[in-house]
Amino acid sequence: MASDSFDVIIAGAGPAGSTLAAYLAKEKVRVLLLDKAHFPRDKTCGDAIGGRCLKIIGELGLMDAFEFVPREEYDKIYFVSPNGSNVVIDIPQNPSVPVPSFCCRREVFDNVLFQNAKSQPYVTTIENFTVTDIIKDEKGFVVGVKGMNGNSKQPQEFRAKVVAGADGATSTVASKLGQLNLDPNHHCISVRGYYSGITGMNKGIEIYFIDQVIPGYFWIFPLEDGKANVGVGMLTKEIRSKNIDLKKRMFDAIKTRPEFIERFKNAKLISEVKGWTLPFGSKKMKLAGDGYVLLGDAASLIDPFSGEGIGNGMFSAKHAAPIILEALKSNDFSESQLSKYQDDLWNQGLGAEIKMSYFLQRIGKFKRLANFFIGKAQRSPYVRETISGMLVNADAKKKMMSPTFYLKLLFS
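Under my numbering, read the sequence shown as residues 1 to 412, first letter to last.
There could be a bad hint or two in this list.
Stated by the list, open to error - Pair ranges (Cβ atoms, derived):
(1) D137 to D183: 28 to 36 Å
(2) E107 to K365: 30 to 38 Å
(3) N151 to N83: 20 to 28 Å
(4) L182 to N151: 26 to 34 Å
(5) N185 to N347: 41 to 49 Å
(6) K26 to G275: 31 to 39 Å
(7) F359 to P155: 43 to 51 Å
(8) G226 to V99: 28 to 36 Å
(9) S271 to N128: 22 to 30 Å
(10) E59 to D343: 15 to 23 Å
(11) D252 to K139: 38 to 46 Å
(12) G226 to G275: 19 to 27 Å
(13) D183 to A352: 20 to 28 Å
(14) D183 to G375: 31 to 39 Å
Bear in mind the hints are in silico, worked out from the structure with no lab data behind them. Here the structure is a predicted model, which is why all the values come from computation and not from measurement. Yeah, the Cβ is synthetic: ideal placement off N, Cα and C, and Gly gets one too.
Make the full structure from the sequences, and use the hints.
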């Protein structure tokens, strides 16, 4: 498709952008999908793919595409408190998702989604294209983007009826619209490295609330061929106020914590340790306006407790697609039309879920509360079952916002 004008321009071809392109292409919408990188490309992340992602992958008909890629399935989560109490939470099989959760390097995962979008007849892709600005018309509607084409080394402009910003945590689109979340109270910085040779891996993801990284956590997530994603994340406010070196904190934990010393004895760091930023959904941003929508990390939709953003990004794409289709059919690209996407997204469970996750994040800031909560989960089948249920069922998450749950927690 050679035209410089499209129905929808999507800036960013990560999970949110590629998912939106795939949904729109099914409805014969002319999409331009732009990304500053060339795929496959690395993306710093925890690499855990959960039920929300898998359900959408199934809707897009991509289950078979992921069957033989390098990945490692997991069926449990290990939580360890500051005082060493630990609990294992089994992840029940979601009946609407036919395969277990898994960890998959983003270089692999994102490329499958991108290649699927690229293969659609109504999608035009340009890699190595850096969006530098948005274009507005005389009424203030967003009607396109400007950027630098790294292939031709020439500036280029494209126009569309709707522009979707899915260009990540440092989104140019969100920044130009004044919607970039930089609030250190609702923002996290994380680092991760890939290791081989860690012992004691047992088909689970591991989360440690330890002194070196509170308020935050240390993780070990399993990958293919005995490798692991190891990292730490902490609130940006804490890092700035105490001038914390996260990479040093990660290495210190590995070298000094009794639970890690033996397991990492013969382990090897097989990658560079890289950092990235995570804008949390606990600060609600404006996700739509005249001529535009924001998705995924660009929309500040990362879970404030788990730090997971892939599923929420794909979920945002799923909910944006029908609203954009409605706008195209009615030729109405106003904020009143496109903001239905934000209302729908938050009302379909994401709002309550992020509210609950923010509450759990605040519990994790205090060692005594973290010790109490994980200790109770260790001893109480009721608490374990509630947490297990909330991992696959949005309605179960509401239990943890109920006073009844905490009464049972106190006396269980």
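Hints versus structure:
| no. | hint | in the structure |
| --- | --- | --- |
| 1 | D137 to D183: 28 to 36 Å | holds, 31 Å |
| 2 | E107 to K365: 30 to 38 Å | holds, 33 Å |
| 3 | N151 to N83: 20 to 28 Å | violated, 55 Å |
| 4 | L182 to N151: 26 to 34 Å | holds, 31 Å |
| 5 | N185 to N347: 41 to 49 Å | violated, 25 Å |
| 6 | K26 to G275: 31 to 39 Å | holds, 36 Å |
| 7 | F359 to P155: 43 to 51 Å | holds, 46 Å |
| 8 | G226 to V99: 28 to 36 Å | violated, 21 Å |
| 9 | S271 to N128: 22 to 30 Å | holds, 23 Å |
| 10 | E59 to D343: 15 to 23 Å | holds, 22 Å |
| 11 | D252 to K139: 38 to 46 Å | violated, 55 Å |
| 12 | G226 to G275: 19 to 27 Å | holds, 25 Å |
| 13 | D183 to A352: 20 to 28 Å | holds, 21 Å |
| 14 | D183 to G375: 31 to 39 Å | holds, 32 Å |
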